[in-house]
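Position chain B relative to chain A; hints supplied.
Listed here are the chains, written in short residue letters.
There are 2 protein chains.
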Amino acid sequence: MRKKVYFIEPEDSTLLYHEEYRDKKTIKPEIAPEPKKDKFEIIGQSTSRIDGRRIVTGRAPFTHDVKLRGMLCGKILRSPHACADIISMNLSKARDLPGVKAVLQLKEGRVKYAGEQVAAVAAKDEKTATEALKLIEVEYKPLPFVVTVEKAMEDGAPKVHGDRDRENVPRKPFNDYNRGDIEKGFNEAEVVIERTYKTAVEIHHPAETHGSVARWEGDRLTVWDSTQSIFGVRDGLAYWLKVPASRIKVIKKYMGGGFGSKLGINDYTVAAALLAREAKKPVKIILSREENSLCVGNRPSSLQTIKGGVKKDGTLTALHLKNYTSGGIGRGDRCAEPIMDVYKCPNLKVEEYTVYTNTGASRPTRAPGHVQGTFALEGFMEELANEINMDPLELRKKNYATKNRGGTGIPYSSKGLDKCYELGAEKIGWKRRNKKPGQGNRTVKRGLGMASQIWWGTGRPGTSADIKLHRDGSVEAICGTQDIGCGTRTYMATVAAETLGLKPEHITVKLGNTEYPWCGSSGGSTTTPSVAPAVRDAALKAADYLKKLAANELKINPEEVSQKEGKFFARSNPKKSIPFNELLGELRREAVFHGECSGRPSEYAYNTFSAHFVEVEVDTDTGQIKVLRVVAAHESGRILNPRTAESQVVGGITQGISTALLEGRIMDNTTGNVVNRNLRDYKIATTLDMPEIIPIFVDSIDPYINNLGTKGLGEPPRIPISGAIANAVYNAIGIHLREIPMTPDKVLEALKTEGGAG
Amino acid sequence: MRKKVYFIEPEDSTLLYHEEYRDKKTIKPEIAPEPKKDKFEIIGQSTSRIDGRRIVTGRAPFTHDVKLRGMLCGKILRSPHACADIISMNLSKARDLPGVKAVLQLKEGRVKYAGEQVAAVAAKDEKTATEALKLIEVEYKPLPFVVTVEKAMEDGAPKVHGDRDRENVPRKPFNDYNRGDIEKGFNEAEVVIERTYKTAVEIHHPAETHGSVARWEGDRLTVWDSTQSIFGVRDGLAYWLKVPASRIKVIKKYMGGGFGSKLGINDYTVAAALLAREAKKPVKIILSREENSLCVGNRPSSLQTIKGGVKKDGTLTALHLKNYTSGGIGRGDRCAEPIMDVYKCPNLKVEEYTVYTNTGASRPTRAPGHVQGTFALEGFMEELANEINMDPLELRKKNYATKNRGGTGIPYSSKGLDKCYELGAEKIGWKRRNKKPGQGNRTVKRGLGMASQIWWGTGRPGTSADIKLHRDGSVEAICGTQDIGCGTRTYMATVAAETLGLKPEHITVKLGNTEYPWCGSSGGSTTTPSVAPAVRDAALKAADYLKKLAANELKINPEEVSQKEGKFFARSNPKKSIPFNELLGELRREAVFHGECSGRPSEYAYNTFSAHFVEVEVDTDTGQIKVLRVVAAHESGRILNPRTAESQVVGGITQGISTALLEGRIMDNTTGNVVNRNLRDYKIATTLDMPEIIPIFVDSIDPYINNLGTKGLGEPPRIPISGAIANAVYNAIGIHLREIPMTPDKVLEALKTEGGAG
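Order-wise, the sequence lines are chains A and B.
Its first residue numbered -18, the first sequence is counted upward by one per residue in our numbering.
Its first residue numbered -18, the second sequence is counted upward by one per residue in our numbering.
Keep in mind that the hints were calculated from the coordinates and are not lab data.
Mixed in with the good hints there might be a few duds.
No distinction is drawn between identical chains; accordingly, a pair holds when it is met within one copy or between any pair of copies.
Heads up, simulated DSS-like pairs for lysine-lysine below, C-alpha to C-alpha not over 25 Å straight-line [said to hold, decoys possible]:
#1 K48 / K261
#2 K48 / K230
#3 K234 / K48
#4 K223 / K545
#5 K262 / K48
#6 K223 / K484
#7 K292 / K325
#8 K105 / K262
#9 K548 / K223
#10 K105 / K48
#11 K261 / K108
#12 K234 / K262
#13 K522 / K545
#14 K230 / K484
The following block holds chain A by itself, in its conformation from the complex (with noise of 0.2 Å):
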């Protein structure tokens, strides 16, 4: 019998899908042209989703819909250990089940963490596969383990990484960041105040389950997958198959959601590859939500402490955090980005430090790290002001930064949270705030809070598009990225159409394939700044060349041609014209015509901004916080499509309005394992949790990004939710919240300490 084991880490494993963002010094950005001040037709429009129609009738096909000939069912065998040696494996057994074409130990020597895959089988059909798992027989030696940060921290805890002489708490911070004279700071400043901040471990719940189809033909692999990364996926399955990313190809159609666990390569896919290759049938693995609960990453866990001092006026003259962040076996989040460039602060500390644990390694969770950041950060500036007697809003203003880096970079290409705070505080009616928090005798109270952000959300230079010319008039834009549920169809069909005079309907879009020009992870809120200059690019190219063809047929100037309608026509005389149509009949065959997103100049920062500005109720004998409002006001540069920002915005407020209520995973230190590992006991926010929304959108358009001047959307309004709910609970009862979720019990756990109002 052949042994074959395959190791996957996914400790190692997480470094794959940051290759991309390595800046290469052969690769030079060139300078973004200045957007145009054109008077667009359709960009800037609200306009309906081009695929809305079909993902809502079910049609749209998702990865959970691939369906092969001869197509079988893959299934991981998990460890039920936390932490464990496998002294050894039997799969004849399961081998020798009816219906089973391939079982392989996928791993051996130590689990750590229970979840963790040992070994896959592939079968004929489901329930095939779920008796060959139970057939499996792995013979374990049980180790001591930590599975939460305080255990971890504990003097003599279990060593997680123990086996790499790995301490639980590396000495060495991963972020050890110092600007000015910290002490100098302190010194200056007329208040000084400390406080600890606690954020949860958060589940990655997308709609869709992680999931893969793996298929060979001959030496040439081909994968399904549900997945932020196409490319990631590639190059990733590449590596540890090593088979030459020339023959891999990785495709997604459509997808029900990602929010960073599905960026770059899982280990469920080497798996699905592997079995196939064993099985010479394709093979599907589609992870249960109990799977995804476990094993495809999370949000890290914070503990953070900062220390600050300002003047009695509201400057801020020093920050020190401190961050215990736990990436369960893999790095925690780098949580001091908001804290390091929000506010203009001269003097600054932070350090940041991972602990170790034996639960599934951390994943990017929408906005990683400024969730947890902004949360501490947030709360803190809330009770500095409170110290100081000071509106926060005021605060804010006060200590504004034009320039990164706390005011001590270099500028902003453009900062609207100073908009943002005009419109936010005017359309939730800041003056309405309780003067004094917590103020009168209702059992029910009211209060107003508000939270600032900061992310980046810039383009990818090199972002790749093709638009593709048909002599049947008909038009493709065509771009390797994926459509993680954000509309990236829409405003790819919008940009062509509108730079080439056409409606988005004239358009065919195809993305989701590897052999598509290249597009980097969805992920970072980049792929509308990456993705839109590309399309246009390539399409500024096709229409100067279409207008040097229009102008040959008209006999005109190519200067003088203007495109609109489906029509070419001389601007001096719009009768003079040739349908667009008509013109690509004149060529000799398809036109293909390539765009990408540019570089951007580098002495400005790229950043993207909002402040929400929230209303909650509170109340003070269950503990419940209900959020009444938010009033979302964003500054993204040029929004391309206003409806579907609208519903970014919507659904970053709802995930954040859940972690900033409910979510948090549980672990149980005595069998090592979540406990919370299903929707009905890990909770998320439904539409019954939703207050109203209103989104702002600052009018601006960034002048030097990208040649649209758009930037992203997807993490902003993630980020800032959670500490202005804290804020305005504050405001209502009079007593700082400091550790989300912030659940019922807490509530009324610090109504009781604190003696709060109520």
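Just chain B now, kept in the frame of chain A:
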């Protein structure tokens, strides 16, 4: 009940695949760079086909092998009448048969040949589909018809296109060419003869019969087709289905031959798409050998009369060709190209007429027109030489043209025919030929003959290819061409590898998909001189880029960088090097380089040439002709791979011998049907009919044609062989056979009539 009728007229549809040949005023050909005299390491070497093992072990997926989930079997109902009006059609019984998923009427009005498609079904399996065909009730009104050229030309013959008021022989010749003064030419002649040559209708019989698989996903169509023109099929489907070309993808991976009948769209492909749309499931239609005999096209017959004048020293003074060619219900072949071009002759008149018959429309067949025209011309040259008592090879040399249009046009970019004469004559032992044709008294007689050939075989400007470099060091060569069996994959790998200093197995070749860079039909011997230069162009750009990258790494000037054996190194110090894979690791993302086949200087004519020398044995008792040996001397520019080039020559000669001795469609004047519509009754040459074949490639690199100096070789070996055999037979028995196939009965009849030797 819905009534839908789809009209697919082969007569019109044949136009579609000629469209791409049109020169459009908007595209100006650029000038091809002169191919460098680089010493190549791999190009020019005999290497095995990279896909050879896969093909011969049965693992290469042909269209016949495509199996999709839920796929239905499609079948076509065909007219049993050569001419009839469809009075009514009742599909309901077929529709009611369990397992039948779609039934469509495809035709109304008049059917014009036996085998024309009238309806189609899709059912769960072949048995049910066959059964359903029988349940379709068609009421025909049979009409008079003509199925042979002779009958069609008779006065009062039924008019094939009478419904369109078209004569069986349109008055206006479709080719009406005049040069010089034909009367003056004949007046100057010292000898004038006139002879008539006849060629039969030949049926396309690729090893893999025709077939298509169609699948709709929403409004997008994917078709797997056994085709020589994936882009032609795509655009044809767009035209017939009124679906934008942007939404259609055509795929062809491997193919069991295509000799012209698989150029462009076929009506069964449209039927498969219509059935699949109706049934909402994938549909596969594979034609039977009988259907292949009836309706996919054929080489039209010719009836060519040549009158020629010559001086006694061999100088041609005038040539006059009159040709009647049947294209069935379509247009016949232009057979005059050889006589218009190959020999110096200032005075020429050409008249070519189509003769319509109630038979399937013709399609280009490996060297359309040239096979027929060369048989006549080269036989006539033999007869002229005989008349003036001159060595026929000497007569050809005497009239050697270095310019096209019989010496009156522009110079050939390269013409190695003189070298072909020299090397071929030497190899066959031309001096051994019978001084007196038919000399000797043996029953079995031997003779030597030869014939010359001209063909195009240049590339299509605009043919595109990409080289994609991956960060893991793997490389793709991508072109939307189709390998119709000639080894396209192999030379794509070879050219890319040569240019990048790698081995061919390093290259992943991708082709056969309309989503890849554009390439025209694989017809006209254009594929190699289109695709190879495009790949070379892309690879040169990639190499140039990598040299700069390597120079940067090695800290030397780019001009100093050389590459070989998977390394880039300093020319002056080869130890200073960086491996190819490592260098690609420096890329930030995959890098794509786009190449194209350039245009050519317009002051030259671009053609391919060859001379075949044949030795035959004729049994004057049985009439049997046996080809003993063929020396095939070819000039096709640079030969990229002698081994695959030799295969082309062997394949062409095999088919040529088949044409010369065996093939001919037999029509039944009573039923209007094809008599020999299977491979038992329709004979094609097999290995047992094969002589010794000695290919010779004249060492030539065309200096103007493209960046590799290479020309086509697909059609050339197919062209001169039948004329050379006829001339060798004359040399053996002293009788000129003027009709192919030269079957034993014709030989015996000729021996009897002319009382030749024997």
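Okay, the hints, checked on the actual structure:
{"no.": "1", "hint": "K48 / K261", "verdict": "both (16 Å within a copy, 15 Å between copies)"}
{"no.": "2", "hint": "K48 / K230", "verdict": "both (17 Å within a copy, 20 Å between copies)"}
{"no.": "3", "hint": "K234 / K48", "verdict": "both (14 Å within a copy, 22 Å between copies)"}
{"no.": "4", "hint": "K223 / K545", "verdict": "between (51 Å within a copy, 24 Å between copies)"}
{"no.": "5", "hint": "K262 / K48", "verdict": "both (12 Å within a copy, 13 Å between copies)"}
{"no.": "6", "hint": "K223 / K484", "verdict": "between (45 Å within a copy, 19 Å between copies)"}
{"no.": "7", "hint": "K292 / K325", "verdict": "within (13 Å within a copy, 102 Å between copies)"}
{"no.": "8", "hint": "K105 / K262", "verdict": "both (10 Å within a copy, 23 Å between copies)"}
{"no.": "9", "hint": "K548 / K223", "verdict": "between (51 Å within a copy, 21 Å between copies)"}
{"no.": "10", "hint": "K105 / K48", "verdict": "both (13 Å within a copy, 18 Å between copies)"}
{"no.": "11", "hint": "K261 / K108", "verdict": "within (20 Å within a copy, 29 Å between copies)"}
{"no.": "12", "hint": "K234 / K262", "verdict": "both (22 Å within a copy, 19 Å between copies)"}
{"no.": "13", "hint": "K522 / K545", "verdict": "within (16 Å within a copy, 37 Å between copies)"}
{"no.": "14", "hint": "K230 / K484", "verdict": "between (32 Å within a copy, 23 Å between copies)"}
In summary, the structure agrees with every hint in the numbered list given earlier.
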